[in-house]
Each structure stands twice: as structure tokens, then as C-alpha cells.
Amino acid sequence: MSIELGHFALILAFAIAVVSAVGGLALWRRGPRLAQVLGQAAILQFVLVALAFLALVQAFVVSDFSLKLAVDNSHSLKPLIFKISGVWGNHEGSLLLWILILVLFGALVAAFGRRLPADLLNLVLGTQSLLTAAFAGFALFTSNPFARLPSAPFEGTDLNPILQDVGLAIHPPLLYAGYVGFSICFSFAIAALISGRIDQAWARWVRPWTMLSWVFLTLGIAMGSYWAYYELGWGGWWFWDPVENASFMPWLAGTALLHSALVMEKRNALKIWTVFLSIITFSLSLLGTFLVRSGILTSVHTFASDPTRGLVILSILAVLIGGAFALFALRAGALRQGGLFAPVSREGALILNNLFLATAVGAILVGTLYPLLLDALTGTTISVGAPFFNLTFGALMAPLLLVLPFGPLLAWKRADLLAAAQRLVGAAALTLFLTILISALGGVSISMAPIGLLLGFWVSFGSVAEVIERSRLGRIPLRDSLRRLIGLPRSIWSTALGHLGLGLTVLGIVSVTAWESERVTTLNPGETTQLAGYSIAFDSFGTVAGPNYMAETGFFTVTAPDGGLANLEAERRIYAASGMPTTEAAIQTYGLSQLYLQLGEPIDDTHVVRIWHKPYILLIWIGALVMSGAGVLSLTDRRLRVGAPRPSARSLPEPAE
Amino acid sequence: MPSAGSKLLGPMIFWLIVIAVTAIACAALFYAAAGRMVNVTAPESGAATNHFRLLLAGIEADKAAGKIAPAEAEAARGELAREILRAQKDADRQALGDLGRAPLGIGLVAIAALAFGLYTYLGSPDLPSRPLAERADVAARSMDIETAVSRIETQLALTPDDVRGWAVIAPAYVEMGRFGDAADAYRRIMALSGPSAELRTDLAEALLLEAQGAGSDEAMDLLRAAADSDPAHARSRLYLASELTRMGEYAAAVELWQAAIDLSQGNEPWLAAARQGLTVAQNDGVDTAAQQQAEMIGAMVSGLSERLKADGGTIEEWTQLVRSYLVLGDLDSAQASYDAAVSAYPAAFDRGDLDTIALGAGLKLKEDTP
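Listed in order, the protein sequences are those of chains A and B. Read left to right, the first sequence gives residues 1 to 657 (our numbering). Read left to right, the second sequence gives residues 1 to 370 (our numbering).
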């Protein structure tokens, strides 16, 4: 009965969403009473979808095989955590997770938005309900997670073994929280366009919500990348796979939105552009959902390819995105532009940032969609691979990274570029010195390595330059400096940390790309091989039984250059129910570097072993964590501050506008 | 709702809960509209004023803390003032209406109608939950053997050394007719836990079944080894005797049948078959007992037939007669008796099981019955 109650809860939530959407968008002028009803409706939608989701989880946990989804994706022998995460390890369940997060954000708006203007709240909740109605309707009519089987089988067919990993418990919820969080900005943008005004409340709301979504998306992408790295067994951390691009584009657009929302919040400028970016960012999230869910791409993310589903998602996409842009074209002219500023100013730097990021989104969008369109229109299959993306994306990011440290040092409205440059001299000198030193010591294996190092160090040092400058480190006693550091506004800290995180990621990428070493060899138990100063001994080989798989395990002992010993186990697993093989790489961390060991197919009695040494690879994900941490820090800052225009030293203060 | 008596109760409770959930949701929405207004008076300007007050306080605080110069603070305040004026203008432009009763009522009705309509279309309210744990008893009775076997096979692929698993699956294979797999399973058990008379006999049985009556040397060796290893093992002797009888080695067979019968306590279910086997072997393969038995049954049946034809009888007796002829394979007599029974009991209602049994066996119902 609980499954059917969950099914009814989802349908009731859909019904409430449909009525809320119509009510909110058609009657938005009806004032605060409607806002209270819509707020209650948003909370009810969340409660009902959560109940539906719990019903699904319960059915998986107790292995109720009268639920078709459980039959297709579960197995009674699966460990509990994979029974739970298996709920969203498939098309229907992941869609329900998407909807759950969507209504969660709607409920949050209702809970925290009680002081928003009633008409704005009506429009926002109406739009949010429209999204819920669209996706819940899509789930119910084309991919119902609550489909039942009249005669329940006694065993399920198990979840794809690659997905039987703790990564599935973390990566999709984080990523979806990021994707779907941008729906708030989208709804606010639609509300602004319909009501024809962008008031202060709009500006105040968009930045924290963007930041929250961006933090989740950053963590989700980083987690996905690390998961692919350790699970897929190729030792790569980013493949420019269309599905990865589908999540990367909203991230880039979201990063741009984050910075433009900053300008809007502090300076009340760039309003229309922010509205536009809000729509773009969520549209890219929807596009990502479409690319992954429609089945036009084949990857580990494509659970089921069903042309009807693709068509329905495409229609939803066309209506939502097309409608939003049509609304933008009609109404953007009615919105009032914000404050003015000189080209060399904090605002100007942020626009430059937006320009580069938006162009990068465009480049990736072309690289991702062009092969699909070409295939659809002419039947020609081409592959746009890593070289294209590395070149175009790299070419766009290099100048962005180069000017990045200047941004935070520039003042709002009008700034002195020379003064900012002077404050960066120390960082520049340090960067140059380290780059030359490392290139001389490490050897230059690829010609771009020094440029990459240069940029990585430059961004890292440049971002902490302001913090050090403000603490007057070395010029006043250390204790005073520390006190000044602690007293710095959190916004300064979060800017510095966020940019530092980016610098660390760049350094990790450069280091791994330039100095990674690899060895493919055949080893028999008892033999030893060498790589990058590490000695790897293949001790023994055996068969080990897991809960629902058989593993062929190789036991290795690694001797580090400093003499430290580590025991590693690399596995090749065969899952009993599906008969599918997976590889479990053995990864040993040394500081920030890792040794990555993978056991290949046995040839006769010898084993193919692939070993990589990945210097400083952890910096890639540590950088992402630092960036997310900076986002969280920024969320704790109230930021209720108007940027004070700094009067020029040379002339009298001019009127602001 | 697992118990059988709740067949009707289950859906009823389900619908009650569903109606209650919908009613609660609608009531929550209704009371939200009736509830106290938090931001009823000029919401924008109120919120905005508050917002601007906080901004102003921030500027003052910054000035007091020396973070911005007094001149900068002045400029910031000026900018803020312009913002407030603009916000005021916006607020004046927006005169908000109120939500009437009609839209709310229509909305609530729409929600309930949409939810129930859609659920009736999509849902399966009559399907109970089937958690695996609660299905254990059901499974014992109705789980089809193939599902059970494939579950055990999955488990055994992971734990190939599990003797218990093999011991469960081997007889199941025999039951499913997968005698080769059964033989492999028994070999597996023998390898894991060592041979015994019982296991050797089981394996021999699987091999004989697989040979489909053609005999198997390996099975014979196994049976001999079993009988030799355990002088009190009757089953291996029975199989040996039966195989020897089939092969025509009656002297050896007689000896083994006798040995098996001597081992019995007197109440074993196989005893009758063993005695009959002994007689057959003693008569060099002619089953005199079966002949005698058939004659006896024939006599009994014809006795019953004559009595019923002469004196009539209950429908149960007629049914027994028809059934007996069917068992004996005498279809003509069965048809004749059936016709007589139909004449005696013309109303189909009175004939009970007879029609089912007769028509199921291919007999014809008399044409002239009303």
C-alpha cells in the first residue's frame, strides 16, 4: 500500500503544482493572500514529493519486486546503501530526485521569502510550480517510477555495477541541487520580466541563491570527476564527454551569474544582463538534463534511451526556454538599467570575466551540439574531442586567468589600474621565480607546461595578495597583522579563497598533464616493477567473494622513494546477477600525489598491470573544495552594504550619474 | 495488508487515507488564505524601507569602524537616498488586489479532481505491497522452482564452496528434470564433504535418470560402492536390484531384492515395490503380481457395474465406476457406464464431479439429454 500512497502523493503534488502555476502566473496581482496560499502550496508540494520519494526508497530497501523500478534496478543481495542509492541510479528515480530538489527549493523560497513583495513572490512561486508541474507531468506520463507489476518476480536484475559505488549516493544529489538551484534564479528572472521591475529584493535574493546552487554544482562536478577517475579505471579525471560538458556549461554560466549578481547586488548595475544570465544558466541546466535523459548521448549516465521521452523533454525545453527568451525579448526594454561606471573598475573587470565565461560556454556548446546536429541533419558522424576543447577552452581561459588577480584589487565605479598592478608585483615576482625553478628542476615535457604553471601560480598568489596587503603583513607586528586578518570582511576572504581554489585546480591540472608518468607491463605474482621512484611488488593473486560479486584481486606492496610501505589491492569484479565486469583501481595517496594501479585482463597466467604516477593530482579536487568553501563563507556574510564610490584623488568627486 | 480477510479492507483503508491526505492538503491551503497577513500593508515599501534601514546602518557602522572615509560614506548615503526614492515610486505604481473566494474554491476543487482523476487513470490501488521478507511463507508454497533455483545459483556463483547450497539445489535439479546439473551438484558435494553411501546413491540416481532407462556403468559402480561401504544401506540395494532386473540378471537381482527386504523394518513405503520386484525377478521377469492385481480389479469393477445396472446406485458409485474404467484404460466400458449414469441422473446439477471427470478424459455426453 505504501507504494500506491507514494504514487498518489506524487500525483497530488502534480495537481497542486498545476493549480499553483496557473494561479500564480495568472493572478499574481491578487496580493499577499495569494502569496500565502502559494507558499503553503509550495511547502505541500515538497512534503508530498518527499513522501513519494520515501515510499520509493522503502520499496527498494525491503526489495518489493511488485515495483517495476525495483525489479529493474535492485537485487535482494545488494548492500543497503546501494539499495537506497539505486533509487536514483536510473532514469525514473533520478527524475524524481530532480523533482524533489526542485520542490525543496520552492519550499525554501516559501519559508524564507515571507518578507518578499507579495507580487514578486506570487510570480516566483508560480514559475517554480510551473517547472514542477512540467517535470512531474513528464515523470508521471512517460517515465512513472511507480509502475507496478501484477505478478512480482522474486529477484531483481540488479543495478549497473559501475553505479554500485558510494559515488552514486553523493554525486547525483549534489549535482542536481546545483542544477535545480538555478531554477530559483530563473523564476526570479521570469518574475522580474513579467512584473516589469527589478527591485532591491530581487537583487538581494539572486546572489545567495546563485551562490548556494553554484557551491552544490561545484561539489557535484568535482565528485563526479573523482568518481570517474577512480571507478572507470582509465586514470583520467576529465574527458570532455558531452555529459560532462552538459554539467560544465551551467557551471561556467553560473560562475558568470555569480559575478554579475555581485555587481547587481552591490552596485545595482548589470540588471538586464543578470536576468539574461539567470535564464541562460537554468536553460543550460535543462539542456544538460535533456542531453543526458533523452538518450541521444550514450554514456554511463544514459540509463534508458526512449525516443518519446526525448521528444517530450525537448518540447518542455522548447516551451520553457523559448518562452523565457520570448518574454525577455518583449519585456527587457521595460526594465531600468542600473548605475554607471568607468571601463577600468571592479564592474568593468567583472564584465570582462562574464565576457570570457560566456564565450567559453558558447565554445563548449558548439563543440557539444555540433556533432549531434550534424549527425541529425546530414548523417555524418564526427567526433569533437579533447583537442578542440583543450585548445578553445584553454585559449579563452588563459587571458581570463591572467587578468583575474586584478579584479578584486580594483575599486567600484572607477579604479586605478596602475595601483592595482603595483600591489601585484610581489605575487608576479614569486610566480616567475617558482615557474622557472620548477621548469628547470622538473624538465619541460610539454611546451605549454611553463605557461600553465605561470597562470596557476599567478592566480593563486594574486588572490591572496589582497588579503596580505590588507593585513600589512611584515610591515606591522605579526599579532596586529593577524588581528587585521581575522577582522577582514568575509566577502574579501571568500573572494580570495575562491580564486585561490581556482589557482590550485589549475596547478593540479598542469602538473598532472605535464609530469604524469605511466607504465603498462605484464607481471606475475612475485615480480616487481619500478615507476617514478616507486617500487611496486606483485605479491599474490586470489579470488575473493563480495556480497554480490566475485573479485579477482591482485595484492601489491608499494615501496615509496622515502622507504614507506603500502599494501594495495586492485580488483576485477564480476557481478553475479548481471555478469558484468568492473575494475576497481588501487589508489595510494602520497601527499598530494597519487599512485594509480589497475589490474587488466590476465593473458594466460600473466597479468597486465597499468600503473600511473599522478603528481599533485589531488590539487584539482582540493581546489574545487576550496572554491566551494569560499562560496559557503560568502553565504555567511550578510553583504548588506552599498559600495562606496571612491573619490578620485586627482579631481573633485563627480556626480555618480 | 497481508492477511486474507483484508481483501476488501485493504483498498478501503487505502482510499480513506488518500481522501484524508487530499482533505488535509486542501484544508491547509484554505486556512493559509484565511490566515493572518504578515505583510498585508504595502508590502514592498515596508520590506524595502527595512532593507534600506539596514543598509544605512551598515554604512554608519563602516564609517564608525573607520572602514570607509566620511566622504565615501556621504556618497554612499546619497546613492542610497536615490534608490529609496525610486523604490517608493515603484511601490506607488503597484496597487495590489486581493484573492477572492471564487478562485480559491475553484483551485481547491481542481486540485482534488485532478489528483483523483489522474490516480484512477495511472494508479493500481488494488495491488498490495510485496516486500520480500513477508513473502517467505508464500515463497515456500508458490515460489516457482525455477526462480528459487536461479536465486540459489546466483548465490552459489559467489560461494561455490557452500555445501548446503549444493545440497538444496541438487534435488531441485532432479525435480526440474535437469539431471546432468543434478549429477554435477552431487559430484560437487562429494568433492566438498567426502563420499557416503547416501551421496553415491543420489549421484547414481541422477545418472540413471539422465540415461533415461538406458543404464549407466558409472551408476552401477557407484551403487556397488555404496552397498559395499554400508551393509545396512537399503536404497542402493533397491536401485541395484531394479537395474539388474532390467538387465535380465535375475539371480543377482533376487539376492539383492531379498537383501533389501531383510533390511526393512516392515513399514517402509518401498516395501511393496520391493516385494513385487522380488516376485518379478523370481519369475524371470514376468510380473505375475501385476497380472493378478489387474484381474482382481477387473472382477471388482465388473461386479460394481452389474450391481449398478441392475439396482441403480448413488452418483458417487457411478462416478467411481467411470473412474475405474478410465484407470483400467477401458474407454468403451467407461463411455457405456457414463451413458448409463447420465440416464440415471439426467439433470447435470445432480451429476457433480462426474461430468468434469468424464469429459476431461475425452468421453462424450449423451446427445439426447435435455
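Be careful, since some hints might not be right.
Below are the SDA-like pairs computed for lysine to any residue, each with C-alpha atoms no more than 25 Å apart in a straight line [claimed, not checked]:
#1 A:K68 x B:S150
#2 B:K364 x B:A348
#3 B:K366 x B:T356
#4 B:K63 x A:A420
#5 A:K68 x B:W15
#6 A:K68 x B:Q320
#7 A:K266 x B:E74
#8 A:K266 x A:R204
#9 B:K364 x B:G329
#10 B:K364 x B:A310
#11 A:K266 x B:A340
#12 A:K266 x B:Q320
#13 B:K63 x B:I24
#14 B:K63 x A:S481
#15 B:K63 x A:I486
#16 A:K266 x B:R82
#17 B:K63 x A:P173
#18 B:K63 x A:E469
#19 A:K68 x B:E153
#20 A:K68 x B:Y121
#21 A:K68 x B:G10
#22 B:K366 x B:Q320
#23 A:K266 x B:P70
#24 B:K63 x A:G333
#25 A:K68 x B:A310
#26 A:K68 x B:E146
#27 B:K366 x B:Y345
#28 A:K68 x A:P173
#29 A:K266 x A:P173
These stretches of chain B come out as covered by chain A in the derived footprint (C-beta under 8 Å, 3 or more residues) [unchecked claim]:
#30 11 to 25
#31 100 to 113
#32 116 to 123
#33 126 to 134
#34 257 to 265
Ranges of calculated distance between the beta carbons of each label pair, as one might list FRET restraints [what the hints assert, rightly or not]:
#35 B:M176 x A:A147: 46 to 56 Å
#36 B:A133 x A:D604: 18 to 28 Å
#37 A:P547 x B:A290: 51 to 61 Å
#38 B:A81 x A:L485: 33 to 43 Å
#39 B:M176 x A:M580: 48 to 58 Å
#40 B:A23 x A:W234: 48 to 58 Å
Just so you know, these hints were derived from the structure itself, not from any lab. C-beta: ideal position from N, C-alpha, C; glycine also.
Now the hints, each set against the structure:
Restraint check for K68 of chain A and S150 of chain B: satisfied, since their Cα atoms lie roughly 19 Å apart, inside the 25 Å limit. Distance check on the hinted pair: K364 of chain B and A348 of chain B sit about 14 Å apart at the alpha-carbon level, within 25 Å; holds. With a C-alpha separation of about 14 Å, the suggested pairing of K366 of chain B with T356 of chain B holds against the 25 Å cut-off. At most 25 Å may separate the alpha-carbon atoms for a hinted pair to count; K63 of chain B and A420 of chain A meet this at roughly 24 Å.
Taking the CA atoms of K68 of chain A and W15 of chain B, the gap is about 23 Å. The hint holds against a cut of 25 Å. At most 25 Å may separate the alpha-carbon atoms for a hinted pair to count; K68 of chain A and Q320 of chain B exceed this at roughly 49 Å. For the given pair, K266 of chain A sits about 16 Å from E74 of chain B by alpha-carbon distance, which is consistent with the 25 Å threshold. The hinted pair formed by K266 of chain A and R204 of chain A meets the criterion: a straight-line CA distance of about 9 Å does not exceed 25 Å.
Taking the CA atoms of K364 of chain B and G329 of chain B, the gap is near 16 Å; set against the 25 Å cutoff, the hint holds. At roughly 23 Å between alpha-carbon atoms, K364 of chain B and A310 of chain B fall within 25 Å of each other, so this suggested pair holds. As the CA atoms of K266 of chain A and A340 of chain B are separated by approximately 106 Å, the hinted pair breaks the 25 Å bound. A hinted pair counts as satisfied when its Cα atoms are at most 25 Å apart, and K266 of chain A with Q320 of chain B does not qualify at roughly 100 Å.
At roughly 53 Å between alpha-carbon atoms, K63 of chain B and I24 of chain B are farther apart than 25 Å, so this suggested pair is violated. For the given pair, K63 of chain B sits about 21 Å from S481 of chain A by alpha-carbon distance, which is consistent with the 25 Å threshold. Between K63 of chain B and I486 of chain A, the direct Cα distance comes to roughly 19 Å. Compliance with the 25 Å bound is thereby established for this hinted pair. At roughly 15 Å between alpha-carbon atoms, K266 of chain A and R82 of chain B fall within 25 Å of each other, so this suggested pair holds.
Distance restraint check for K63 of chain B and P173 of chain A: the Cα-Cα separation of roughly 44 Å exceeds the 25 Å cut-off, and the hinted pair is therefore not satisfied. At most 25 Å may separate the alpha-carbon atoms for a hinted pair to count; K63 of chain B and E469 of chain A meet this at roughly 21 Å. In summary, the hint linking K68 of chain A to E153 of chain B is supported, as the alpha carbons are separated by about 23 Å, within the 25 Å threshold. Simply put, K68 of chain A and Y121 of chain B have alpha-carbon atoms about 18 Å apart, close enough for the 25 Å limit, and the pair holds.
The suggested pairing of K68 of chain A with G10 of chain B holds, with an alpha-carbon distance near 21 Å, which does not exceed 25 Å. Restraint check: the Cα-Cα separation between K366 of chain B and Q320 of chain B comes to about 19 Å, which is no more than 25 Å; the hinted pair holds. About 19 Å separates the Cα atoms of K266 of chain A and P70 of chain B, which keeps this hinted pair within 25 Å; it holds. Proximity of K63 of chain B to G333 of chain A is assessed by CA-CA distance (about 38 Å); at most 25 Å being required, the pair is judged violated.
Distance restraint check for K68 of chain A and A310 of chain B: the Cα-Cα separation of roughly 64 Å exceeds the 25 Å cut-off, and the hinted pair is therefore not satisfied. For a cut-off of 25 Å, the pair hint linking K68 of chain A to E146 of chain B stands: about 20 Å separates their Cα positions. Restraint check for K366 of chain B and Y345 of chain B: satisfied, since their Cα atoms lie roughly 12 Å apart, inside the 25 Å limit. For the proposed pair K68 of chain A and P173 of chain A, the alpha carbon gap of about 23 Å is at most 25 Å, so the pair holds.
Of the pairs offered as hints, the one joining K266 of chain A and P173 of chain A is violated, with about 32 Å between alpha carbons and a cut-off of 25 Å exceeded. With 7 residues bearing a CB less than 8 Å from a CB of chain A, the stretch 11 to 25 of chain B meets the requirement of three and the coverage assertion stands. Figure legend: the stretch 100 to 113 of chain B, annotated as covered by chain A; annotation consistent (7 residues with Cβ-Cβ distances under 8 Å, at least 3 required). Chain A is given as covering the stretch 116 to 123 of chain B, and this holds because 4 residues of the stretch bring a CB closer than 8 Å to a CB of that chain, at least three being needed.
Counting residues of the stretch 126 to 134 of chain B whose beta carbon lies closer than 8 Å to any beta carbon of chain A gives 7, which meets the minimum of three for the stated coverage. Remark: the stretch 257 to 265 of chain B is not confirmed as covered by chain A, as 0 of its residues place a Cβ nearer than 8 Å to a Cβ of that chain, below the required three. For M176 of chain B and A147 of chain A, the hinted distance range of 46 to 56 Å is not satisfied, since their beta carbons lie about 31 Å from each other. Under the hint 18 to 28 Å, the C-beta atoms of A133 of chain B and D604 of chain A, about 46 Å apart, miss the expected range.
One distance hint, 51 to 61 Å for the beta-carbon pair P547 of chain A and A290 of chain B, holds here, with the actual separation near 56 Å. As the Cβ distance of A81 of chain B to L485 of chain A is approximately 35 Å, the hint placing it in 33 to 43 Å holds. For M176 of chain B and M580 of chain A, the Cβ-Cβ distance of about 27 Å falls outside the hinted range of 48 to 58 Å, so the restraint is violated. Remark: the range hint 48 to 58 Å for A23 of chain B to W234 of chain A is upheld by a beta-carbon distance near 56 Å.
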